Amino acid sequence: MQTALLIEQILNGLQFGVMLFLMAAGLTLIFGVMGLINLAHGSLYMVGAFACAAVAAATGSFWLGLAASLVAAAAAGAIIEVSVIRRLYDRDHLDQVLATFALILIFSEGTRWIFGSFPLYLDIPPLLRGAVPLPGGSAYPAYRLAIIAVGIAVAIGLYLLISRTRLGMRIRAGESDREMIAALGVDIRTLYTVVFALGAALAGLAGALVGALQSVQVGMGEPVLILAFVVIVIGGIGSIKGALVGAVLVGLIDTLGRFLLPMALAGFMDASSAAGIGAALASMLIYVFMALVLAIRPQGLFSAQR
Amino acid sequence: DPVKVGMITTLSGGGAGLGVDVRDGFMLAIKQSGNTEIEVVTEDDAMKPDLAVQIADKMLQSDKVDILTGIIWSNLAMAVVPNAVNQGTFYLSPNAGPSPLAGANCHANYFNVAWQNDNLHEAAGAYATSSGYKKVFIMAPNYPAGTDALTGFKRFYKGELAGEVYTKLGATDYAAEIAQIRASGADALFFFLPGGMGIAFMKQFAQSGVDLPVVGPAFSFSQDILGAVGDAALGVKNTSQWSKDIDNEANKAFVESFQAEYGRLPSLYASQGFDTANLILAAAAKASVKDKDAFRAALKAAEFTSVRGDFKFGPNHHPIQDIYVREVVKEGDVLTNKIVGVALEDHQDAYASECKM
Amino acid sequence: MTISRETAFNALLIVLLIAVPYGASAMGEPFYVTLATRMVILALAAVGLNFLLGLGGLVSFGHAAFFGIGGYVAGIAATHAFNNTPLLFGLPGTNQMLIIWLVAVLLGGLAALAIGLISLRTTGVYFIMITLAFAQMIYYFAISWPAYGGEDGLSIYVRNAFPGVNTLNGLHFFYVCLALLAAVLVLFSVLRNSRFGAALQAARQNEQRLSAVGIAPFRVKLAAFAISGMITGLAGALFADLNRFVSPSMLSWHLSGELIVLIILGGTGRLFGPVAGAIVYVLFEFYLGGVTERWQFFLGLILLAVVLFARGGIVGLVAGKARHG
Amino acid sequence: MAEPVLEIRNLNKSFGALKATDDVSLDLMPGEIHALIGPNGAGKTTLIHQIAGSLKPGSGTINFLGRDIGALGVSERTRLGLGRTFQISSLAPEFSALRNVMLAVQARQGSSFRFFRPVMRDATLTEPAMAALERVGLGDRARISAAELSHGERRQLEIAIALALGSKAFLLDEPMAGMGPEGSKTLTTFLDGLRREAPILLVEHDMDAVFALADRISVLVYGRVIATGTVEEIRRDPEVRRAYLGDQD
Amino acid sequence: MMLLEVSDLESFYGASQALFGVDLAVEEGQVVALMGRNGMGKTTTIRSICGLTPPRTGTIRFAGVAITSLKPHRIARRGIGLVPEGRRCFPNLTVEENLVAAARGGHWTRERIETLFPRLGERRGQYANSLSGGEQQMLAIGRALMTNPRLLILDEATEGLAPVIRQDIWASIRALKAEGQSILVVDKTMSELLPVADRCVVLEKGMTVWSGLPGDLNEDIRNRYLGV
Ligand SMILES: Nc1ncnc2c1ncn2[C@@H]1O[C@H](COP(=O)(O)OP(=O)(O)OP(=O)(O)O)[C@@H](O)[C@H]1O
Ligand SMILES: Nc1ncnc2c1ncn2[C@@H]1O[C@H](COP(=O)(O)OP(=O)(O)OP(=O)(O)O)[C@@H](O)[C@H]1O
Ligand SMILES: [Mg+2]
Ligand SMILES: [Mg+2]
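Protein chains in written order, with our numbering: chain U, 1 to 306; chain Z, 1 to 357; chain C, 1 to 325; chain V, 1 to 249; chain X, 1 to 228.
Among the clues, some could well be false.
Listed next, the in silico SDA-like pairs over lysine to any residue satisfying Cα-Cα at most 20 Å (straight line) [unchecked claim]:
id	chain 1	residue 1	chain 2	residue 2
1	Z	64	C	291
2	C	321	V	145
3	X	71	U	190
4	C	321	X	14
5	Z	4	C	3
6	Z	290	Z	40
7	X	205	V	76
8	V	19	X	129
9	V	19	X	14
10	Z	135	U	263
11	Z	330	U	189
12	X	71	U	189
13	Z	134	U	60
14	V	56	U	298
15	V	56	V	31
If you are wondering where the hints come from, they were derived from the structure by calculation, not from laboratory data.
Model, not experiment: these values are computed from the prediction.
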């Protein structure tokens with residue numbers, strides 16, 4: 001019985017990890033590969049979720065909503081890139097921090113302006129509602145399995161895009177020396193707009209997919225932002241593989257931590273305080289883990305450069 | 001005499017829904033009263049304690065308000081209230097009721113028009129006991145209101161606990177907790193997860209197929225978020241001091257006029273805002289706000305028609321009131337709550353005795 | 001000697017900071033004193049960060065840790081003094097600002113030393129994130145640690161005392177804070193021009209170069225981190241006294257972010273950058289908040305305009321590009 | 001015979017399968033210019049990195065002034081008197097040329113933890129720095145920031161910094177690179193004089209300079225020293241001609 | 001036919017002027033040497049031509065079309081390939097990726113580059129930031145060739161190369177010239193440069209002070225402007 005639960009929790013951890021990767025995927029592209037600190041990633045995630053919820057409510061189809069989330073987030077991304085980000089590539093990273101911080105404010109309040117102050121309804125599509133039986137007699141929600149599948153597909157797709165295609169090489173080249181890649185005849189401005197929009201679309205996709213499991217509300221992107229950065233940094237900036245591994249590690253550690261720590265503590269204190277202290281420790285756990293990883297490997301687990 | 005009210009509430013970010021409801025309920029009452037002597041200044045605290053303190057300072061020192069109100073969150077209330085009431089201003093809480101302000105740090109100028117934080121959880125505990133649950137799994141986020149919630153529940157729940165779990169504040173994925181609930185062999189689930197946490201949990205819980213009766217305080221099933229939870233909430237029992245079907249004239253009028261004014265159903269937060277305003281209006285009709293003692297006495301008397309029916313203050317200026325059990329139902333295609341019973345009658349909070357006032 | 005535009009602008013800011021609260025107080029508008037105090041304290045915290053970020057190029061996204069530690073020092077000491085209960089090892093609490101400051105500075109510095117020792121092994125974004133990690137650990141600890149209020153925080157019922165000054169008088173407290181800010185600004189300017197400052201700025205521009213002339217960058221950066229933590233810790237103690245309240249929100253990443261924003265807004269690495277940034281940010285936050293409930297939207301637009309059109313922040317806009325001797 | 005200033009014994013370094021340094025032994029004698037030449041990728045810069053401390057050797061010893069410095073970090077070695085320049089200029093770009101050099105002066109004085117005295121008014125810093133700039137001919141560019149200097153000027157600044165360190169031995173990685181014909185000529189004369197202050201380990205592809213300056217030449221190919229000798233010996237060595245010099249006369 | 005015509009170029013870095021009037025022309029199939037002492041504006045001229053430091057006044061025509069105000073990538077696509085000063089290989093890309101990223105159809109392919117510089121073939125999978133200085137230089141040249149330029153611009157392209165390789169590169173330059181490739185080159189090795197150049201242009205303090213045939217580059221000019 002206990003082992004069955006443990007196995008289920010490990011599965012949950014994996015699942016949570018892949019979900020984290022999905023949330024971080026767009027950021028991996030924009031931040032890890034283009035080298036742009038985009039604090040507004042969470043806002044794009046929110047845009048995706050809201051677009052999906054609104055369209056799904058209007059049309060009754062989750063799938064149309066999903067498409068809308070891609071379109072809306074990509075459009076928002078392209079607009080941001082052309083009107084703001086583009087002017088900041090040759091500036092200090094800090095200017096990007098301030099600008100994208102400002103974008104968070106604008107997006108959050110803008111979304112509330114359009115959609116009101118109350119959370120929106122977004123449910124998973126009927127097709128994916130049930131549970132899938134797993135070997136060993138247990139079952140797992142189909143929707144979560146679908147998220148795992150999408151996460152892994154995105155990971156593979158991104159990996160191929162970045163490391164195998166000429167487009168990917170040019171993006172990476174642009175990250176280290178925009179001037180030089182332009183001098184070789186690559187229209188890096190347009191390329192970056194496209195890539196930024198793609199990253200935004202991925203954020204939006206994650207927002208829609210994960211939003212169906214969570215709550216679609218203003219501010220939903222903020223915790224995502226921090227987690228996504230944590231995942232990418234642990235994995236090593238610029239490495240898709242690293243981001244995936246980092247995400248799964250964080251997912252496992254977080255899930256198992258909040259499950260096992262209170263149980264372990266219950267050995268030598270009363271249940272109620274064990275639950276409280278265990279939970280407190282568990283909430284610090286991923287940050288402890290990140291600090292440890294970076295203290296030992298200052299470049300993350302799989303840094304793309306050397 | 002003119003009364004100047006300063007409303008500090010949350011109008012931006014994820015918690016804005018609650019602030020908007022409190023404000024709308026409040027302003028509705030002011031509008032209906034036709035009283036032009038009452039001036040309200042409203043500002044957004046963005047859920048930041050230090051910003052709330054700054055706004056309070058501004059309202060006290062610059063706007064010279066007589067009464068402060070509006071704060072939604074306990075931590076913001078703890079930041080603002082002690083200083084405000086010590087300076088002689090009245091504070092009327094339309095939502096938060098942290099235990100220190102009900103007990104050891106109670107104050108003559110502080111009135112709570114909603115509930116002490118533990119109240120609805122206590123009622124849930126009482127309801128769980130009366131429903132005959134023997135093994136309840138209880139869960140709340142790991143912060144003071146969360147611990148208070150579980151303490152409150154346990155105060156009135158007499159059975160065994162199948163498990164006690166504190167989640168991370170702001171967590172959005174509950175697969176791990178749901179697995180624990182499934183494995184615990186519980187016969188019912190009690191949880192307190194305010195705001196988005198509750199929405200996420202209920203959706204995931206419903207999808208997980210774990211079939212347990214669910215009890216909770218009204219916060220995760222109030223009108224403002226039921227729409228977002230969807231059918232997942234159907235049938236859930238929740239405890240509240242207010243419901244839109246409480247049978248009295250004032251309440252009927254309130255629900256109708258609120259819907260007419262804002263195009264949506266009121267939540268319990270709106271009712272609390274509405275009551276708070278009516279309390280002020282009633283007191284202002286009896287005494288001048290400049291005469292602190294008289295005004296305080298007028299507030300304390302609470303001679304207004306509450307939408308919850310009977311309403312009176314205990315010695316610590318916290319309400320003594322009935323707390324109902326509601327069930328989430330569907331009316332047409334709108335999700336809402338229906339009263340199915342009374343959990344606690346004339347309930348008073350547990351800290352009143354610590355209050356030396 | 002000609003006065004540069006930057007010097008003139010700085011002098012103007014100082015004069016405004018001395019005069020405006022005085023005038024406001026005389027005209028019976030004590031709130032503006034409170035607002036100015038808030039600016040000064042946030043500026044102080046940001047000067048601490050500017051030391052690290054502006055001179056050393058080390059973007060700490062965890063300075064809320066030191067700010068919060070300072071705040072909790074004030075809050076905890078005052079609570080124990082107020083309730084007359086012993087603090088640690090039978091030591092009593094205190095309501096004396098001087099002692100509180102000393103402890104806040106020490107603890108801020110020690111925490112910075114400990115965090116820096118590990119964090120400074122990393123660079124760039126890794127550094128940003130590892131400092132965030134440490135701050136988050138302290139944040140979650142504070143939220144779930146019940147002894148001092150957890151997320152509800154801790155009230156300071158009477159503002160702490162300073163010998164010879166009535167700190168309950170807002171204007172007096174303001175001048176205490178302003179004096180500290182002035183002292184720290186002098187410190188900043190002296191350090192920047194010193195040999196240590198030269199080494200620190202070189203570390204930002206090119207560490208390889210620094211070690212190749214025989215200066216170990218790690219020690220320079222660690223010292224800077226500690227000094228920075230001390231200053232921000234001090235600001236935290238004052239902030240607690242201003243609000244008469246501490247809570248984990250002082251430790252949250254929003255606050256770390258806000259400090260960074262203040263600096264960039266004012267002008268990174270500029271002596272008065274944080275001051276200008278704090279003044280402008282607090283003013284906008286306050287006025288917009290009074291005008292519209294959608295104030296954050298407009299605040300965002302304004303910040304965006306500053307980044308796009310005022311290179312080098314406000315000081316840069318007024319005084320032109322920074323010169324590095 | 002005098003003691004070598006710098007003594008390298010059996011140094012090895014691999015990058016994966018690549019042996020970048022293969023059992024290298026080298027001496028630098030007082031007053032000499034010892035040129036290190038070899039094809040691109042032979043491991044010259046890698047060797048300099050190991051001597052300067054920025055790369056850890058796989059095995060082998062490095063003695064400087066009779067002391068084993070293998071365990072010391074970069075900055076410690078510099079403080080002992082081992083000055084280097086970089087093949088690709090490495091400067092503090094925002095600092096003026098003068099402040100770049102002043103950094104070296106303050107490091108030489110061992111005083112980077114002084115917090116109060118303003119550096120720009122400190123003649124003990126500015127004067128030696130200015131003198132070093134004058135020596136490399138950058139005197140009139142002292143106030144220009146390093147980022148605004150032309151490529152060649154940056155190379156000159158690298159030398160000035162090394163000079164200001166007052167080192168007891170110099171490791172110069174392609175100092176001639178980027179200097180125009182005139183610059184190379186001046187620098188050659190300059191280095192010729194410098195050897196009297198401290199010996200120089202000179203990595204250089206500019207053969208005119210090497211042949212004019214070197215007392216001894218070592219040739220590195222695939223991480224190995226294949227020959228060491230005088231200018232004439234090296235010039236005549238058929239293997240060196242084939243691997244490196246080509247049909248140059 | 002005139003391939004590149006630059007007249008009266010004035011360029012600035014921020015507020016400071018670096019070029020005060022540069023004139024320069026490259027005919028199709030010619031090799032033109034751009035000369036001058038350190039800091040005289042050679043690199044700036046090249047940057048202006050490539051659109052990296054757009055000139056404030058003056059005109060640049062390439063193959064008969066004005067390219068003065070075009071974006072760098074448009075200029076490059078018209079057929080200008082740059083080997084910049086200081087190499088500027090993409091450090092986070094491997095050798096192969098550096099080449100492929102620049103590729104545009106034509107007869108220069110990765111295989112041909114690797115025949116020209118076998119060293120690059122051996123280092124194909126290595127990140128550019130771990131290459132030796134000379135290897136990076138080869139990579140920079142290979143990368144520029146991959147764009148199959150009509151005009152190849154070499155800014156100190158033989159800097160830091162071993163004499164044998166340098167001879168190889170000069171040999172390749174001669175071979176390229178023989179194929180009809182037009183080249184604008186900055187280099188300090190006069191002994192190699194002058195024989196291959198069809199014309200020389202000498203800059204002094206950001207101005208063209210002399211231009212003509214290599215044979216006419218007399219003692220006086222050399223002393224005055226080149227310091228030799
Ligand atoms: N970090 C590294 N990882 C893998 N290979 C490396 C690394 N650093 C250097 N190399 C390889 O080691 C060899 C020696 O490089 P080094 O820079 O020492 O050559 P060099 O003799 O200085 O050449 P040049 O004259 O061209 O500057 C080169 O083939 C280079 O690619
Ligand atoms: N980024 C820059 N900012 C400001 N000034 C610069 C910049 N780059 C070069 N300069 C200045 O412009 C002038 C011309 O420099 P340029 O690099 O064109 O010279 P160059 O002839 O290529 O010299 P070298 O042979 O040393 O490479 C020099 O005075 C230099 O100081
Ligand atoms: Mg080398
Ligand atoms: Mg040049």
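Okay, the hints, checked on the actual structure:
1. Restraint check for residue 64 (chain Z) and residue 291 (chain C): satisfied, since their Cα atoms lie roughly 18 Å apart, inside the 20 Å limit.
2. A C-alpha spacing of about 13 Å is found between residue 321 (chain C) and residue 145 (chain V), which places the hinted pair at or below 20 Å, so the restraint holds.
3. Distance check on the hinted pair: residue 71 (chain X) and residue 190 (chain U) sit about 12 Å apart at the alpha-carbon level, within 20 Å; holds.
4. Restraint check for residue 321 (chain C) and residue 14 (chain X): the C-alpha separation of about 11 Å stays at or below 20 Å, so the hint holds.
5. In summary, the hint linking residue 4 (chain Z) to residue 3 (chain C) is not supported, as the alpha carbons are separated by about 50 Å, beyond the 20 Å threshold.
6. For a cut-off of 20 Å, the pair hint linking residue 290 (chain Z) to residue 40 (chain Z) stands: about 17 Å separates their Cα positions.
7. Annotation: proposed proximity of residue 205 (chain X) to residue 76 (chain V) is violated, straight-line Cα distance about 42 Å (limit 20 Å).
8. The hinted pair formed by residue 19 (chain V) and residue 129 (chain X) meets the criterion: a straight-line CA distance of about 17 Å does not exceed 20 Å.
9. Note on residue 19 (chain V) and residue 14 (chain X): the hinted pairing is violated, with a Cα-Cα distance of about 46 Å set against a maximum of 20 Å.
10. For the hint linking residue 135 (chain Z) to residue 263 (chain U), the alpha-carbon distance of about 18 Å falls within 20 Å, and the restraint holds.
11. Using a Cα cut-off of 20 Å, the hinted pair residue 330 (chain Z) and residue 189 (chain U) is violated, with the two alpha carbons roughly 53 Å apart.
12. Distance check on the hinted pair: residue 71 (chain X) and residue 189 (chain U) sit about 10 Å apart at the alpha-carbon level, within 20 Å; holds.
13. Taking the CA atoms of residue 134 (chain Z) and residue 60 (chain U), the gap is near 41 Å; set against the 20 Å cutoff, the hint is violated.
14. For the hint pairing residue 56 (chain V) with residue 298 (chain U), the CA-to-CA distance comes to about 18 Å; that is within 20 Å, so the pair holds.
15. The hinted pair formed by residue 56 (chain V) and residue 31 (chain V) fails the criterion: a straight-line CA distance of about 27 Å is larger than 20 Å.
Checked against the numbered hints listed earlier, the structure breaks hints 5, 7, 9, 11, 13 and 15; every other hint is satisfied.
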